Amino acid sequence: MRFRPNRNRRNRPFRRLVGSLLGPNRQLANDARAMLDEANRLFDAGEYAEAAHSLSQLAEMAQANNLPRRAIQLHIRAAEAHLKSNQAAGAVEHGRAALAMLIQAGGQRRALKLAPQIVGELRAAGFSAEATAFEKEINERLAGLGLTLASTPAAPQPRPRRSLASHCSQCGAQLRWTDDADEVECEYCGTIARAE
1 MRFRPNRNRR
11 NRPFRRLVGS
21 LLGPNRQLAN
31 DARAMLDEAN
41 RLFDAGEYAE
51 AAHSLSQLAE
61 MAQANNLPRR
71 AIQLHIRAAE
81 AHLKSNQAAG
91 AVEHGRAALA
101 MLIQAGGQRR
111 ALKLAPQIVG
121 ELRAAGFSAE
131 ATAFEKEINE
141 RLAGLGLTLA
151 STPAAPQPRP
161 RRSLASHCSQ
171 CGAQLRWTDD
181 ADEVECEYCG
191 TIARAE
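Here the sequence shown stands for residues 1 to 196, numbered as in the working numbering.
Hints are computed from structural coordinates only; laboratory data are not their basis.
There's no promise every hint is true.
[Said to hold, decoys possible] DSS-like cross-link-like pairs, simulated, lysine-lysine; straight-line CA separation at most 25 Å:
1. Lys136 with Lys113
2. Lys113 with Lys84
3. Lys84 with Lys136
[As the list claims (entries may be wrong)] Label pairs and their calculated CB-CB ranges:
4. Arg109 with Ala133: 22 to 30 Å
5. Ala89 with Ala181: 51 to 59 Å
6. Arg110 with Gly46: 45 to 53 Å
7. Asp182 with Ala133: 53 to 61 Å
8. Leu67 with Gly126: 41 to 49 Å
9. Arg141 with Arg26: 31 to 39 Å
10. Pro68 with Glu47: 55 to 63 Å
11. Leu145 with Ala195: 37 to 45 Å
12. Ala89 with Arg194: 29 to 37 Å
13. Gln117 with Asp37: 20 to 28 Å
14. Arg109 with Thr132: 48 to 56 Å
15. Asp44 with Thr148: 56 to 64 Å
Since this is a predicted model, take the numbers as computed values, not measurements.
Glycine included, every Cβ here is placed at the ideal spot set by N, Cα and C.
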């Protein structure tokens, strides 16, 4: 028997594209795209309160249409807009929604990275009380999964910048340093050069 590829399967990507462009949700997608463009324009113009309102509506639309990745992105962007317009309650609300959707979708690692960023941005904007309450709430939610924000691995501290000699102080030969070496021996005269 000769193998025959499924002809319908090859045409599915094209059908999906045609369906999304000409299907029943075409007008909704076009409206959402225009609304997102307007929200981004407002955000770039510094009109954060109006941008936050539009982004909030878009996040709710994405959530209602079962687009979790897009909804998470829009909630994060709305939280940023609320924060820049000095509306801590809106920032916390959208940060909470983004984290809840991430955890629900199984993105605990990403949630563990995002939560400290939100808390840090709240503190940097001068909303320490809200940041502390939000951090406590997130820790309680993560405790059910056996995680805490404190248990996240800290970012590695960068090594202090070292001064490395490029040539030997005795004979003038070029020194070849490795990335983690604190000292190197000159290949010609044997002098030891140390990083300062």
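Structure-based check of all given hints:
Restraint check for Lys136 and Lys113: satisfied, since their Cα atoms lie roughly 16 Å apart, inside the 25 Å limit. Between the alpha carbons of Lys113 and Lys84 the distance comes to roughly 21 Å, so the proposed pair stays at or under 25 Å and holds. Taking the CA atoms of Lys84 and Lys136, the gap is near 23 Å; set against the 25 Å cutoff, the hint holds. Taking 22 to 30 Å as the suggested C-beta distance range, the pair Arg109 and Ala133 conforms, at roughly 24 Å.
In this structure, Ala89 and Ala181 meet the distance hint of 51 to 59 Å, their C-beta atoms being roughly 52 Å apart. Between Arg110 and Gly46 the C-beta distance comes to about 29 Å, which lies outside the given range of 45 to 53 Å. Restraint check, Asp182 to Ala133: a C-beta distance of roughly 45 Å breaks the suggested window 53 to 61 Å. Roughly 33 Å separates the CB atoms of Leu67 and Gly126, a value that falls outside the hinted 41 to 49 Å.
Between Arg141 and Arg26 the beta carbon distance is about 38 Å. The supplied range of 31 to 39 Å therefore holds. Separated by about 28 Å at the C-beta atoms, Pro68 and Glu47 break the suggested range of 55 to 63 Å. Between Leu145 and Ala195 the Cβ separation comes to about 44 Å, which falls inside the hinted range of 37 to 45 Å. Take Ala89 and Arg194: their Cβ atoms lie about 55 Å apart, and the range 29 to 37 Å is violated.
Restraint check, Gln117 to Asp37: a C-beta distance of roughly 26 Å satisfies the suggested window 20 to 28 Å. Between Arg109 and Thr132 the beta carbon distance is about 24 Å. The supplied range of 48 to 56 Å is therefore violated. At roughly 37 Å, the beta carbons of Asp44 and Thr148 sit outside the given window of 56 to 64 Å.
Comparing the model with each earlier hint shows violations of hints 6, 7, 8, 10, 12, 14 and 15; every other hint is respected.
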